[in-house]
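Q: Chains A and B supply the protein sequences, listed in that same order. So for the first sequence, the working numbering puts the first residue at 1; every next one is plus one. So for the second sequence, the working numbering puts the first residue at 1; every next one is plus one.
Careful: at least some of the hints might be erroneous.
Chain B stretches covered by chain A per the calculated footprint, using a threshold of three residues with CB under 8 Å from any CB of chain A [what the hints assert, rightly or not]:
1. 31 to 42
2. 110 to 120
Residues from chain B that keep clear of chain A, each with C-beta distances beyond 12 Å, as calculated [stated by the list, open to error]:
3. Ser-134
4. Ser-195
5. Val-240
If you only want the chain A side, here are some residues facing chain B, beta carbon under 10 Å, derived [said to hold, decoys possible]:
6. Tyr-15
7. Arg-16
8. Lys-17
9. Arg-34
10. Ile-95
11. His-112
12. Ile-127
13. Val-148
14. Ile-152
15. Pro-155
16. Leu-205
FYI, nobody ran anything at the bench for these hints, they're computed from the structure. These numbers come from a predicted model, not from an experiment. Yeah, the Cβ is synthetic: ideal placement off N, Cα and C, and Gly gets one too.
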Amino acid sequence: MHPIAIEFQRVWKKYRKGATHDSLRDLLPDLARRIVRLRGNGDVALQEKEFWAVQDVSFEMKRGESIGIIGPNGSGKSTMLKLLSRILTPTRGNIVVRGRISALIEVGAGFHGDLTGRENIYLNGAILGMKKREIDLRLDEIIAFSEVESFIDTPVKRYSSGMYARLGFSVAAHMDPEILLIDEVLSVGDAGFRAKCLTKLQETLQGGATIIFVSHNVREVSRLCERVMVLVDGQVTHFGDAVHAMKVYHDATVGRSARKTHSRFSSPCTITVRSVDTDGQETPSTSFGDPIRLRVKCHLPEEMKAAHLAILVGNYTDQDYIALSSERAGITLSPGSADFSCHLEHCRLLPGRYRVRAALLDPLTQRPLEVFPYQPDLLIDVPTSALVYRLPPSENAVIDIPYAWQVNGASA
Amino acid sequence: MGRLRELIQYQELLFILTWKEIRVRYKQSVMGFLWAILMPLLIVGSGIIIKKVFSTVSGVPTTLADIASVSVKAVPWAFFMSAIRFATQSLVFNSNLVQKIYFPREILPLSAVLTSLFDFLIAIIGLTVVLVVSQVGISIHLLWLPLLIGLLILLTFAVGMLLSCANLFFRDVKYLVEVSLTFGIFFVPVFYDVSRLGKWSTLMLLNPVATILESINRVVVLHQPPDGWWIGYVICCSAVALIASWKIFNWTQPAFAETV
């Protein structure tokens with residue numbers, strides 16, 4: 001068997017915006033041209049109203065490998081999967097797929113509301129490329145996994161959306177493909193079922209399958225995938241290490257939403273948080289174990305009578321590790337500009353890159369008045385003065401707290 | 001050839017989609033399988049009225065054989081109508097599948113034709129009862145029937161496949177199809193025999209569906225063999241239509257998912 005399961009060779013895909021034609025006379029030749037272009041390779045020039053959904057993407061995947069694709073909305077993730085599963089044809093470039101491919105682009109695609117759960121398992125299974133015999137063998141397993149046993153002979157139009165999604169995923173998860181493409185399907189179902197799905201996918205992966213996983217949920221992607229691709233506007237901006245991918249993805253999404261303005265105030269409402277050294281100079285990073293000083297400059301508009309400041313330090317998947325509140329020090333912000341700093345004498349965050357956010361809270365309700373997610377990262381380095389002791393080996397641990405060991409006697 | 005092999009690989013999907021259509025159609029419906037014979041029944045009903053009018057004008061009374069003759073042609077025509085109607089809409093109705101899942105798209109119009117074929121088979125059972133009651137009798141020429149019905153199915157599939165992809169690109173097609181099917185019955189010899197048209201009969205027989213209906217009437221009711229030349233003509237028509245329609249379908253297929 002060939003060791004490479006998937007090859008993308010300089011793949012481009014063009015889409016059209018809007019599609020109205022004034023007359024049949026324009027439409028017919030245009031349609032013919034489009035089809036001719038879809039069938040052949042070449043013609044990279046963009047016509048009017050066209051744009052690239054995927055631009056010059058090349059990569060290879062080994063058999064048994066799993067990669068994740070993340071990226072902001074409309075960055076071309078689903079288009080990639082549709083190209084892979086042959087639903088779409090590339091405008092230019094080549095795609096080689098070696099193996100039986102199963103694409104899960106929508107949970108329960110082809111489900112019919114009037115059919116019962118059991119009937120839909122057969123229907124959906126066949127649509128996904130399973131033989132009736134294979135479904136017969138796995139029927140009980142599929143039903144058990146979906147946790148809808150008691151409703152399995154009820155038409156699916158009576159299902160809740162969670163049940164519907166669970167049944168859809170169960171069918172797909174039991175198809176035993178060589179190559180599995182999954183698009184955003186885990187975003188449905190409750191946390192328990194999602195965890196179960198992930199475990200099932202990991203089993204599939206251990207069984208030797210090749211998986212491409214598209215998601216917005218960076219944490220799920222990093223749990224399942226060795227390599228992560230970040231797509232922005234149809235281009236690959238990063239392909240490789242999952243942790244760095246999160247940073248790239250974060251920057252890309254931030255860049256998009258940062259244009260948001262706070263026009264509901266008469267004067268701008270701003271906060272900047274910088275990490276500074278003892279002299280008050282801005283510093284890009286601090287060493288592990290050193291105290292951290294955060295300098296905050298803010299401006300509150302007249303409309304905001306009073307506010308408490310909160311600074312949150314966390315990772316790129318919206319997990320906060322430390323919350324610092326100005327209320328603790330009895331500081332309440334009032335309209336106008338202010339400049340103050342916060343000292344973290346014993347910050348025991350392990351070396352790494354942390355995301356800093358700031359928020360203004362209503363002093364009475366404690367609800368956020370404004371959130372400022374776009375602060376520079378807090379970088380904590382491994383001190384160059386050599387490691388006095390080894391840091392904890394877990395990749396996921398973030399905080400080092402003081403602790404003591406005691407030997408109570410030798411065991412036999 | 002590769003495409004044909006793939007189609008065979010996906011035959012289970014074809015059958016399960018057809019099974020789904022049939023099941024969905026008869027679920028939550030009171031009349032159930034009676035629906036399958038409703039359309040032929042209506043056609044036969046209108047045929048009897050027209051025959052009655054003719055017989056009043058000409059003075060020749062309407063016989064049971066006349067009714068048998070209309071029924072024998074009404075049932076395949078009803079199949080053709082419903083199959084074309086469903087096939088035309090098949091890609092658009094299943095746009096969700098076309099956009100989300102890969103499978104040979106021919107399966108959709110094909111399954112629409114098969115679904116109508118199921119109704120056709122039920123109607124044939126009803127038709128047999130009518131034929132027995134009207135004492136039409138049997139003859140060796142009935143052996144032509146499988147070939148004639150087979151040709152009708154091939155032709156229906158060819159036309160349906162072409163219309164399904166035409167309708168995907170131009171939604172006007174379904175209205176055109178509706179109108180054509182409504183008035184189509186006057187362009188095929190269901191209510192009368194082709195011979196009544198005199199020298200115009202050749203023109204009508206150029207429509208292969210008309211030839212098939214006429215031949216079915218000949219072998220079942222009149223106990224005569226069909227005209228060999230015309231059968232040859234229909235075979236050629238069906239083959240050319242099938243190949244041409246499949247070629248066009250495949251040629252436009254890459255644009256389906258992003259156009260539908």
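Q: Please check whether the beta-carbon of B:Ser-134 is more than 12 Å away from every beta-carbon in chain A.
A: 39 Å, holds
Q: Can A:Pro-155 be said to touch chain B, with a Cβ gap under 10 Å?
A: Given a least distance of 8 Å, the restraint on A:Pro-155 holds.
Q: Would you check chain A against the stretch 110 to 120 of chain B, counting CB to CB pairs closer than 8 Å, and say if three or more residues qualify?
A: With 0 residues close enough to chain A, the hint is violated.
Q: Grab the minimum C-beta distance from A:Tyr-15 to chain B and call the hint holds if it beats 10 Å, violated otherwise.
A: At about 7 Å, which falls below the 10 Å cut-off, the nearest Cβ of chain B leaves the hint on A:Tyr-15 intact, so it holds.
Q: Can we keep the A:Leu-205 interface hint, with Cβ of chain B closer than 10 Å?
A: 22 Å, violated
Q: Hint validation: A:Ile-95 versus chain B, beta carbon distance must be below 10 Å. Holds or violated?
A: 13 Å, violated
Q: Per the CB criterion, is A:Ile-127 less than 10 Å away from chain B?
A: 6 Å, holds
Q: Are A:Ile-152 and chain B close enough, Cβ to Cβ, to be under 10 Å, as the hint says?
A: 16 Å, violated
Q: Would you settle whether the hint for A:Val-148 is holds or violated, based on the nearest Cβ-Cβ distance to chain B being less than 10 Å?
A: 20 Å, violated
Q: Going by Cβ atoms, does B:Val-240 stay more than 12 Å from chain A at every point?
A: 22 Å, holds
Q: Please check whether the beta-carbon of B:Ser-195 is more than 12 Å away from every beta-carbon in chain A.
A: 41 Å, holds
Q: Is the hint on A:Arg-34 kept, meaning its closest Cβ partner in chain B is under 10 Å away?
A: 6 Å, holds
Hint compliance for this structure: hints 1, 2, 8, 10, 13, 14, 16 are broken, all remaining hints hold.
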